[in-house]
Amino acid sequence: MKTRFPFFVALAAALFIVATAAFAGDAEVYAQAKQAYQTRNLAQLSEATDTLRQKRSPLLPYLQYWQMILTLDQLSYNQVQAFLQENNESLLSQRVRELWLKRLGRLQFWDQFIEMRAQMPMYYSLNDVGNQCYQIQAGIAMDDPNAYEDGKKLLLAGKDLPPDCQGMLEALQQVGVLDEKLLLTLYRDALFANKPGLAKAMAKRSSKTDAALFKQLDEVTQNPALALKKGTIQDRSAYGRALYMYIIHRQAKAEIEVARASYQKYNGLLDAEEKQLVQAYIALEAARKHAPEALQSFNKVTASVLNNEQWEWYARAALRQQDWNQLLKVISDMPPVLGEEAAWRYWKARALLMKGTPAEANALLAKLSQERHFYGWLAAEELGPMLGEPTATYQPADDEVRQFARQPAVKRMEALFDVEARYEARLEWMYLLEALDDPGRIVAAQYAMLKGWFDLAVLAADKTSRTHNFELRYPTPYRDYLQKASRSREIDEAWVYGIIRQESRFMHYAKSSVGAGGLMQVMPATAKWIAKKLGLNSYHDGMLHDIETNVNLGTYYMRYTLDTFNGQEVMATAAYNAGPSRARRWAASTPLEGAIYAETIPFSETRNYVKKVLANAHMYAARLGLPVVTLKKRLGTIPARSVAEADTVTTTITISEQE
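Counting in the working numbering, the sequence shown runs from 1 upward without gaps.
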């Protein structure tokens, strides 16, 4: 790489100069056009479009796209096709197809709908739920036998259904797919997912409901305790009894014993299946709260009523108690698709090893060890010298990078970055990557690295499946800042890189939905608290995106969490994301393997975060030339939490997910 460095510096500089020259002046026009679009000023938008057309700007398709949105009902098929041909295989062409598909669906022009849907690349999925409904409705209209099962799968996915889905619901109900049994299931699932609007929509399609139920549903979802106290909830219908089940479910999320008391009081109103469903949800919340009786509670539930989330927490309850025989049984019994996930293949192998069947375990581990993620690294360590063939690597050639840079989509991305439309640029990038193979994604990552788009480089390199480039997947920008801060705080630099890669992908301008900012995604309130501790009297929120300041604040908090947990990196990582009090509460009353602690964190956001950060740190140690320890050793052992230990640690770090 050292001999190639001067060329890449020169190439990056040349790309920057060309882009700057080409897009100079476009920013003002683009901003005016966007404002015109948002205010529906079609005349001003048309004027801006003409300006960029004359300049042959790469941003022109965006202005044309905005015009099409504002005039969709007046467009002809030929006008749409002209745009699609001019912007063939671009992200915007697929967006226009989605818009036109929705229009065709509303008009029930099913032949044209199917024809246009077929024009989309195979790798492009219709994410818009309305269009998914129209696709199913089109299939039903055209006698596609797969449409009925697709419709059922979509409904069982529990997504909110927009008005565009009403035709599909009508069609499925007319052919008997959406029957009373499925309606009741969907109603219950929506209630338990705390989606009362969706629950009511399903209930209104049933012949076994009335206005009184809908009123009670509103009362129950607004104030469960008051609804119970009034004692007016129906119990003669399954829809009414589901409200009791919903209330107990809500109680279980807050306090298991209150839920159990309610179950004992009202279970006489429930039939056998309903009792099983309620007990499954109580067992789920008990497992998420690490209650010792959770495993026993799951053992009393009929397997057929368990959903995927309950199956996983059934397995985690067994894992938490290190009941390896029970864990093996649960994983073997869970739905095959779920059992094939990396987590459960790994823990199945571990259970087999504990059971004394290494041949079967090693077969699972050997396959898993070729996958490049947390469980893959752990599987490789379990195998040791039995590890299979080394992973294939790929280094892009100079010509490949130059050729990639010439693509219209890449030019458009450069222009989007030039006008600070980062969100749109990132969407373009993600769409572009879908059409590439592993070497192509590595070429894309190399190009992004040259441009200083570190987050996009990681995104590209991280999507490879068989051929990889770990220098691009785990880049090391800002090393001077991070090395200095790591040494000053006496913390592992690989861990710092692991945190930053997960938090911001090295975007110093990043800002989360909850306000966290900068490379290390520090919350403003936390930053002020740290600044006060450090004596930074001149600190203000505007400094949060300064790289050196952000790293200084973030590494201070890492040191703080590490000291809080006596050097235990896993707990400190959990605390960085979810707060020290939660991280402490998730420890067990006996010492616990770090991997088990991570696997049984109740919040999925924090659970995935901890595994990814530790896997990152594991990889960065070698990249940075630091002493390499096994991932299992890095995970370590979580010390027992004393019953008498006061859980009074507070934090201003928040997470976006509340489960």
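Possibly wrong hints are sitting among the right ones.
Stated by the list, open to error - Pairs of lysine to aspartate or glutamate residues, derived as EDC-like cross-links and limited to a Cα-Cα distance of at most 20 Å, are as follows: (1) 229 to 219; (2) 300 to 274; (3) 329 to 340; (4) 204 to 255.
What the hints assert, rightly or not - Restraint-style ranges between C-beta atoms, simulated for each label pair: (5) 373 to 215: 46 to 52 Å; (6) 207 to 640: 52 to 58 Å; (7) 476 to 85: 52 to 58 Å; (8) 305 to 437: 40 to 46 Å; (9) 437 to 625: 27 to 33 Å; (10) 267 to 204: 24 to 30 Å; (11) 581 to 302: 33 to 39 Å.
Treat the hints as calculated values from the structure; they're not laboratory data. Here a beta-carbon is modelled for each residue, glycine too, at the ideal position from N, C-alpha and C.
Going down the list of hints, with the structure as the test:
Restraint check: the Cα-Cα separation between residue 229 and residue 219 comes to about 11 Å, which is no more than 20 Å; the hinted pair holds. As the CA atoms of residue 300 and residue 274 are separated by approximately 14 Å, the hinted pair is consistent with the 20 Å bound. For the proposed pair residue 329 and residue 340, the alpha carbon gap of about 14 Å is at most 20 Å, so the pair holds. Pair hint residue 204 plus residue 255 does not hold up; C-alpha atoms about 32 Å apart against a cutoff of 20 Å.
Distance hint for residue 373 and residue 215: a CB-CB separation of about 49 Å, consistent with the stated range 46 to 52 Å. Between residue 207 and residue 640 the CB atoms are about 56 Å apart, so this pair conforms to the stated range of 52 to 58 Å. For residue 476 paired with residue 85, a C-beta distance near 43 Å fails the hint of 52 to 58 Å. In this structure the supplied range 40 to 46 Å holds for residue 305 paired with residue 437, their Cβ-Cβ distance being about 43 Å.
Separation of residue 437 from residue 625 is about 31 Å and conforms to the stated range, judged on CB atoms against 27 to 33 Å. Separated by about 28 Å at the C-beta atoms, residue 267 and residue 204 satisfy the suggested range of 24 to 30 Å. At roughly 37 Å, the beta carbons of residue 581 and residue 302 sit within the given window of 33 to 39 Å.
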